[in-house]
Amino acid sequence: MRITRRTLLAGTAAVLAAPAVHAQATRRLNVFGHRVHKTVTAGPGGDIIEAWAKENRVDVEWVTFDTGPLQERLFREASLAEGAVDVGFILNTQATPRIASLFEPLDDFMRQAPIEDRADVFPGMLKGLTVQDKLYGLPFRHASSGMHYNEEFFQERGLSGAPKTIEDLAEFAKRTSWTRNNQPVVGLVLPGVTYPNVIDIARAWDGEFITPDMRVVANEAPMVNAITLLRDLFVAGAFPRNFASISTEDVNVWMQTGRAAMVINSMGRNSIYNDPARSQFPGKFKTTTIPISREFASKFEVAPAKVEFWGMAIPKNTKNKELAWGLMRQMLSKESTLKAALNGNGPVRNSTYDDARIKEKLPFAEEERKVLRVARVPMPAFDNAQRAADLFKEEAEAAILGMKTPRAAMDDLTRRTQRLLQG
Amino acid sequence: MRRPLYIKALRGLALLAIAFWSAFPIALVVLSSFKPARDIFVFPPTWAFTPTLANYAGLWLRWPDFFRTLGNSLIVTLGATALAVIVSAMAGYVYSRKRNPYLAGSAFFMIFVRLFPPIVVTLPLFPLVNALRLNDTHLILIILYATFFVSMGTMILKAFVDQIPRELDEAAMVDGAGVWGVFRRVILPLSAQGMIAVGVFVFVYAWNEFLFAFIFTTSAAKTAPLVLSEMTGAVDGVEWGVLFAATTVQLVPVLIFVLLAQKYLIAGLTAGATKG
Chain A
127 MRITRRTLLA GTAAVLAAPA VHAQATRRLN VFGHRVHKTV TAGPGGDIIE
177 AWAKENRVDV EWVTFDTGPL QERLFREASL AEGAVDVGFI LNTQATPRIA
227 SLFEPLDDFM RQAPIEDRAD VFPGMLKGLT VQDKLYGLPF RHASSGMHYN
277 EEFFQERGLS GAPKTIEDLA EFAKRTSWTR NNQPVVGLVL PGVTYPNVID
327 IARAWDGEFI TPDMRVVANE APMVNAITLL RDLFVAGAFP RNFASISTED
377 VNVWMQTGRA AMVINSMGRN SIYNDPARSQ FPGKFKTTTI PISREFASKF
427 EVAPAKVEFW GMAIPKNTKN KELAWGLMRQ MLSKESTLKA ALNGNGPVRN
477 STYDDARIKE KLPFAEEERK VLRVARVPMP AFDNAQRAAD LFKEEAEAAI
527 LGMKTPRAAM DDLTRRTQRL LQG
Chain B
68 MRRPLYIKAL RGLALLAIAF WSAFPIALVV LSSFKPARDI FVFPPTWAFT
118 PTLANYAGLW LRWPDFFRTL GNSLIVTLGA TALAVIVSAM AGYVYSRKRN
168 PYLAGSAFFM IFVRLFPPIV VTLPLFPLVN ALRLNDTHLI LIILYATFFV
218 SMGTMILKAF VDQIPRELDE AAMVDGAGVW GVFRRVILPL SAQGMIAVGV
268 FVFVYAWNEF LFAFIFTTSA AKTAPLVLSE MTGAVDGVEW GVLFAATTVQ
318 LVPVLIFVLL AQKYLIAGLT AGATKG
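If you read the sequences in order, they're chains A and B. For the first sequence, counting from 1, position 11 maps to 137 in the working numbering; every step adds exactly one. For the second sequence, counting from 1, position 195 maps to 262 in the working numbering; every step adds exactly one.
Okay, chain B solo, but in the shape it has when bound (with noise of 0.2 Å):
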């Protein structure tokens, strides 16, 4: 049956007010970027202005260390990413091809400890990262930012697993796998659209942390987060031009993984949906 025109038309109006209402923000602090900082919050609002670089060769010379942290963010962004992945690609497998009380057992507590806000964990944490010393190494944030993901990784892959058939791992097999050789040459190249979507989760994740970072860091594994926050903190006026130039450079990294990992983003979050 055909949709009248009039719910069509409805139905696009409320898809531009979503689009407008999720794009206004982001759209206005790359705008303010390319403004002269004195025109920014200037009343009425101006729309057309002559771009300049000002802001971002403000933050390459007030705030070099954001480059710096950048860095960080990526190392430990990727480091995070890549353990979460590979740590619920494993457990995600087993999961969906193991079944006895021990592990259900263990994934009801994988989900119950996850239920409980990062806060409550991260304090008791600290003496014993310190003692440790892990204290501001990029080494506690991968951890730390892939355990928190390792949970909802492992759902969303066993979801994927489950739908792989029990009859290809029974082949390789009988061709003379093992069980890690099923999971590396069966399993893992047919849930890679899941592998992607849990990466897509850890990888914003990690990028924008705060807390953790800010909690397990000073100096050498410091992110650019806390940096950001630092901007919005200075006791001699925010430079709001510098700051959303940071942003927008915050932004982009993270703007193009979503952009190139975003069909394989539905296809991993609706994985399982129909099942049964």
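Looking at chain A on its own, in the form it has when it is part of the complex (with noise of 0.2 Å):
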């Protein structure tokens, strides 16, 4: 072939035109999430975003953290005049007034082109990210509370189910805590006394710490109850001895280990702790609803244990909103909310329960489901939160190392959130 001054013009036009068409054929699209977030859009149940993508000729690129640092680089981004983040996972402990004015309210995207079934999403979480009668975010990923137990520790103890109320749980963290083969066995194991821990027992007497209208009623009967109970077996070495410094990873450990008999934590931990991988337990831990106490047994099923969601959000100063808006209403279909959940992700839809597949793949669906009718956010968002939660472990952890009465700490902490809450 003869080359031309005119083909050797047209051809490096095209070779420099290329990376334009390239560019207008598909557009970039930064979502900044937990890699969790990531995992479960594609797997098992299938992909959520790959059609969409195709279809709409977009390049949805992750970029991941862990959950501290996530946020606090989305915050900083978002903050600039000009970001890179175009989807943004938040925390509902995060929906507060000061962070919300940084992202695009959803009001008019949601009037123009709405979501598929809103009534079908758990309105806790939808109202969770609200801030001022506006929706900041679309909920994507929830942790609902629930109680695991070893049910080998049970049968050798001689307990059969599980605890009817939290009372009878109190009994059984007492019988299951042992010396069994040379290792001790502990009752019960929380990460910790914060106030997301605590707030779990509290709710089996429907208690809060600080309620939606801002009030503190930490030292009300429910909050006090659960700060004893707590201290009650930490005194009769049912709850462990170092229970200040456990984080959750250690006591994912020691439940597969078998140096905990039961957990109260997020109900989607039991795959983990029956992982043949990585438990010494595979199989043997069952996970129930956190029961209810006596008193309030006739007024619930289950004990209105803490939720806490994952939203998804659109920074104020993304260009790209409407093809974020896509991707996120994409991402909360109904069919993507069930090929997530098959993907391990805590679905936010009631309908999903419903799928037999789900039914199948989670032992605990219908009690998760249960969970999800009642339950609360740990505490409201606000700006203060962080101080408020720090002050809350302190007198916990006063409380059950004997240092105080509970009443003595709750009342100190009601009045030290009180000031907080003022100032």
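A portion of the hints provided could be inaccurate.
Chain B residues, not near chain A, derived (Cβ > 10 Å throughout) [stated by the list, open to error]:
no., residue
1, R70
2, A76
3, A84
4, S89
5, V109
6, I153
7, V161
8, P184
9, M219
10, Q230
11, A259
12, L293
13, Q317
14, K330
When the alpha-carbon atoms are kept at most 16 Å apart in a straight line, the in silico EDC-like pairs for lysine to aspartate or glutamate are as follows [stated by the list, open to error]:
no., chain 1, residue 1, chain 2, residue 2
15, A, K290, A, E427
16, A, K442, A, E208
17, B, K165, B, D236
18, A, K164, B, D303
19, A, K253, A, D339
20, A, K164, B, D132
Okay, the calculated bits of chain A under chain B, using three or more residues with CB under 8 Å as the criterion [stated by the list, open to error]:
no., segment
21, 193 to 204
22, 382 to 388
23, 394 to 400
24, 404 to 410
25, 442 to 451
Worth flagging that the hints you see were computed from the coordinates, not collected in a lab. The beta-carbon is built from N, C-alpha and C at its ideal position, and this holds for glycine as well.
Dock chain to chain to rebuild the complex, using the hints, since each chain is given by itself in its own frame.
Now the structure itself:
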């Protein structure tokens, strides 16, 4: 072939134009999330993004971080004049007025191109991402609390089935605190006594630390009962001596290696406790709801335990708002929610629990649905929430270690938190 | 005078204790990376076990980006090391051979700036780096890591150059060499030990650094410590075996480099110690 000046010029122009054509053909959408958000978008249940991305000619680029760094980085990017994030995942605890001001209200998007069957999404989660009557996020993943117990240990200690009330739970914890094959076993373990963990016990009496209308009620009976229960277990040796320094990961290791008989934790942990590759007791862990107290047994079927969730939000400084909304709608569709749940996600739609595959995959699916019907966030989101959480931990530890009575500690906590809210 | 036997024995025991104290956590991580995941935290611990590569396979399958980010770590580390060593060598030469109040002031300023905790400098830099479009590039990490070590590197190399007789500079100049020629043909070859010592410091720092990488990278220049951090924060349970495997892989290059360079490290650190 003879190369003329004309063909050379045409060829050069084509080469130079190619990247521009490609850029037109595929747009890039940056999603800042936790790795778990990415992994549940594809797996045995199917891919929830691929078809949408192909149809809209979008490259979805995931940038993943650990939880704390993710929130920090996301908010810093969102505060710039022009940011690199199109969709960011935020925790329900971060949905405060200050943080919400960095993100786009979604009500207009919702009116123009609503999500599929809004009523099917657990309303508490949408409410949790609503700040000053404006919706700032769409829920994607939840973790609701349940009780996991080692059935083998229960049988060895002459116990059958899960405790029916919170009072029974305390009794079971004492019975399952013993030395097994030269290894001490503790009846109940929690990842520390931070408010999200203790609130699960207080909810057996329908309790709160701070109510949704921002009243501090830590010194009312439910929270005092919860702290008293933990103090009693500590004294009886049924709660770890080093409870104050136990992390979530420690708790998992304790359960997997048989150092604890029961834990109150996210229900989804059932799979890692029963994982033969990681657990010394695969298949022996049962997961159920946190039992209600005798006093509230007539009011609730199960304790209104805590639910925490991740939502997807659009930073104000992104130029790809419409596209970001499109992706979020896609990820929250009924089909996507089901597929993601089959990939290991905590589904945010009620209808997902009706699917036979979910019932088969999650032995605790019905229990989880029971919890989700009554579950609440552990505390309303507000700017000083972390400080309040620190105060709670300090006072709860003092009470459980016996430095104060539970009543005195909760009175002090109430006073200190009220000052914080007023200031 | 010969030391009594019990003093020697005590000294040996102390050294053994220090070696054990330093090596035990590393040995634990490396050994655990070859254990079946379910046996890693079993009580009482097992020391005899059939080694497995399952954790390494898990790392390869479930965290493929770890290996890509290791590549980024290597690029950034080599770049930062080269830049810091070159700049420190040139600055060390100037500080050693020249005297004037401006240089003294700049030396003080360099050390003063180094006293700030990195986080104080980092956050105000974020919008600037963003505006310069340097976010998520290898270049920004190379510049930052090198910058943070230039002050110490300069002082180490100044001490080295101080030990090189000025007569050698003068002889080279008589032979027709300029300042650059003296630096390249006389100073650089004779201060190689010090440069390697500085290189080790920068290499180890840049290889393990988290804060700058966390703030200034997203995906293209993301380094391995960020992925390790993600592994420890898995919400569906940390895979300890995989984490230990990744830690072991992360450890190997820096261990090899330090082992190769350790004899220079001591020389570099003690340079100028007996001067005066």
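Over 10 Å from every CB of chain A: does P184 of chain B meet that, or does the non-interface label fail? holds (17 Å)
Checking one constraint from the list: CA of K164 of chain A to CA of D303 of chain B, max 16 Å. Satisfied? Roughly 13 Å separates the two Cα atoms, so the pair holds.
Beyond 10 Å from every chain A Cβ - status for S89 of chain B: The assertion about S89 of chain B holds, with a minimum of 24 Å to chain A.
Between K442 of chain A and E208 of chain A, does the CA-CA distance stay at or below 16 Å? Answer holds: K442 of chain A to E208 of chain A is near 9 Å, not above 16 Å.
Quick check for students: does the CB of K330 of chain B sit more than 10 Å from each CB in chain A? holds (39 Å)
Do the alpha carbons of K253 of chain A and D339 of chain A lie within 16 Å of each other, as the hint requires? Satisfied, since the Cα-Cα distance of roughly 14 Å is no more than 16 Å.
So is L293 of chain B really clear of chain A, every C-beta pair being over 10 Å apart? violated (8 Å)
Check whether the Cα positions of K165 of chain B and D236 of chain B lie no farther apart than 16 Å. With Cα atoms ~13 Å apart, K165 of chain B and D236 of chain B stay inside 16 Å; holds.
Claimed coverage, the segment 442 to 451 of chain A by chain B - three or more beta carbons nearer than 8 Å: Violated: only 0 residues of the segment 442 to 451 of chain A have a Cβ under 8 Å from chain B.
Whether chain B covers the segment 394 to 400 of chain A (at least 3 residues having a Cβ closer than 8 Å to its Cβ atoms): Held - the segment 394 to 400 of chain A has 4 residues with a Cβ nearer than 8 Å to chain B, which meets the minimum of three.
In terms of Cβ atoms, is chain A entirely out of 10 Å range of M219 of chain B? About 28 Å separates M219 of chain B from the closest Cβ of chain A, which puts it past 10 Å; holds.
How does the coverage statement for the segment 193 to 204 of chain A fare against chain B, requiring three or more residues with Cβ below 8 Å from a Cβ of that chain? Held - the segment 193 to 204 of chain A has 5 residues with a Cβ nearer than 8 Å to chain B, which meets the minimum of three.
When held up to the earlier numbered hints, the structure conflicts with 5, 12 and 25 and fits the remainder.
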